[in-house]
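Line order of the protein sequences matches chains A and B. So for the first sequence, our numbering puts the first residue at 1; every next one is plus one. So for the second sequence, our numbering puts the first residue at 1001; every next one is plus one.
Bear in mind the hints are in silico, worked out from the structure with no lab data behind them. You may find that some hints are simply not true.
Said to hold, decoys possible - Here are the simulated DSS-like cross-link-like pairs (lysine-lysine), alpha carbons at most 25 Å apart as the crow flies:
#1 Lys1204/B to Lys79/A
#2 Lys45/A to Lys1195/B
#3 Lys122/A to Lys1121/B
#4 Lys196/A to Lys1204/B
#5 Lys45/A to Lys1064/B
#6 Lys152/A to Lys79/A
#7 Lys142/A to Lys1088/B
#8 Lys1204/B to Lys191/A
#9 Lys1204/B to Lys31/A
#10 Lys1049/B to Lys119/A
#11 Lys1195/B to Lys62/A
#12 Lys53/A to Lys1195/B
To be verified - A few chain A residues that don't get close to chain B, going by computed Cβ distances all over 12 Å:
#13 Ala25
#14 Val33
#15 Val37
#16 Ala61
#17 Val63
#18 Arg174
Stated by the list, open to error - Part of the chain B face toward chain A, derived, beta carbon under 7 Å:
#19 Lys1121
#20 Asn1123
#21 Val1196
#22 Ala1199
#23 Ala1200
#24 Phe1202
#25 Asp1210
#26 Ala1211
#27 Gln1214
#28 Met1215
#29 Asn1218
#30 Gly1223
#31 Asn1224
We put the beta carbon where it would ideally sit given N, CA and C, even for glycine.
Next come the chains, spelled out residue by residue.
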Amino acid sequence: MKCLFSLLFGLVSVFNMSAFAQETAPDELVKNVTEEVFSIVRQDKDIQSGDTKKIIELVNAKVLPHFNFQRMTALAMGKEWNKASSDQKKRLAEEFQTLLVRTYSNALTGYKDQTVRYKPTKMPDGDGDVVVRTEILQAGGKPVQLDYSLRKGPDGWKVFDMVVAGVSLVTNYRDTFTQEVRANGVDGLIKMLADKNRQLEAGKK
Amino acid sequence: MRNLLILALFVAATSMTGCATTANNPRDPFEGFNRAMFSVNEGLDTVVKPVAQGYDAVVPDLIKTGIGNFFGNIADVWIAVNNFLQGKITEGASDVARVLVNSTVGVAGLIDVASYLELEKHNEDFGQTLGKWGIGEGPYLYWPLIGPKNVRDTFGFAVDSSVDPLGHMHDVRARNTLTGVHFIDLRASLLPAEKVIEAAAFDKYNYIRDAYFQMRRNAVHDGNPPPEDDDEDEIEE
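Next comes chain A alone, as it looks inside the complex (with noise of 0.2 Å):
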């Protein structure tokens, strides 16, 4: 009996530990991810009548954390990013966080009963980035292509980048912003998100 007992223990913690060491795929991080924050959606009458603080909370919990922003505030920057102080750097990502959690944030209230249809995901061979293609299903409407761009990180895969029937939530910002640093500067750009972001906050527009 002591045998079988040590024997379970032992088989217990092995698969414990491969568990945890074994990371999430990327297709499956976003599928898991999408299907819960939907689900919790689904059911919260609050923020499907637009109870935007309400949302903005449950994507910081569940959706932030596999979003790795610096990046994202890179690849919206393009090259000036390079000219961005380490101080500036984590401010600049600081505020186009607060600004990309409200646009999703934004979506979000406006679903109603879509479904997900995740394609097949093309693995790379070393530990380029993947793109996880999903497609949002509506009754009446075209599916509407939405793609997460992720990338291998020390704490596992992290989503850089959002596109929505071919536009990058992230790229799109490429051309305003390369001109804002242009003309006044990685601090003009700096004021201009939280200006912006100050300006949602007061439920302007």
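We have chain A already, so just place chain B on it with the hints.
Chain B alone, transformed into the frame defined by chain A:
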């Protein structure tokens, strides 16, 4: 839709005079003119949007779906032609099958039975076909009523409109009614995206323009655009 195009061209032509160029984007050399047209549309939209919002709020989802399907079924005929023109025989054949199934079993297109049969709806138009044939985009233009179109897509839209069966209906009243419903239905379908753009954009004109470039590029390549010449390698995190 053809009437719409003529009207759009008319408004554009009458306001071409005194068009200042304030371009700072090489793909948008007529930015001054485009921004003026953008304001015209935003002005018109103060009337159109409330109608679309009312339509969206009052009409039950089931009916809206039916209306979307009805126009979608008519569009599928031309989508099939464009797939054939692009050499995508399988997709074109699937579109033909969609029209056959939806026009019959789907009650004149009101129910999209074909999608349940895994015959996927495609997004094609003549502008995409021209793009596939290697024709360049040309400068960006912002038209009254019909909105953003590069030169290639403007031409594509003209061809799309000229073959639209709605435009060839003899019953003028029915034609105008259908065109009106189609327009409002289209506007209503843009409401969720618009809400996101309003929050995300620093400058709505810029945001829509840059999104338009990406969106059309993606559409021409059927969702798999080749990577752009990017300076990504030079970016350090």
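Given the proposed pairing of Lys1049/B with Lys119/A, does the C-alpha separation stay at or below 25 Å?
35 Å, violated
Report holds or violated for the interface hint on Asp1210/B, using the least CB-CB distance to chain A and a cut-off of 7 Å.
The hint holds - Asp1210/B has a Cβ within 7 Å of chain A, the shortest such distance being about 5 Å.
Interface hint check: Asn1218/B, Cβ to nearest Cβ on chain A, cutoff 7 Å. Holds or violated?
Cβ of Asn1218/B sits 2 Å from chain A, so the hint holds.
Per-residue hint verdict: Ala1200/B, partner chain A, C-beta under 7 Å:
Check passed: Cβ of Ala1200/B comes within 4 Å of chain A, closer than 7 Å.
Check the hint pairing Lys142/A with Lys1088/B against an upper bound of 25 Å on the C-alpha distance.
19 Å, holds
Would you mind confirming whether the straight-line C-alpha gap from Lys1195/B to Lys62/A stays at or under 25 Å?
23 Å, holds
Do the numbers back the hint for Asn1123/B, that is, is its least Cβ distance to chain A under 7 Å?
6 Å, holds
Determine whether the non-interface label on Ala25/A survives the test: each CB of chain B must be over 12 Å from its CB.
Fine: 21 Å to the nearest Cβ keeps Ala25/A off the interface.
Just double-check Ala61/A for me: nearest Cβ-Cβ distance to chain B has to come out over 12 Å.
20 Å, holds
Verify the interface restraint on Met1215/B: the C-beta must sit less than 7 Å from at least one C-beta of chain A.
Result: holds, 5 Å to nearest chain A Cβ.
Should the hint that Val1196/B touches chain A count as held when the rule is a Cβ pair under 7 Å?
Holds - the Cβ of Val1196/B comes within 7 Å of chain A, reaching about 5 Å at its closest.
CA of Lys53/A to CA of Lys1195/B, is that 25 Å or under?
Distance of about 16 Å is within 25 Å: holds.
The structure shown violates the earlier hints numbered 9, 10, 18 and 31.
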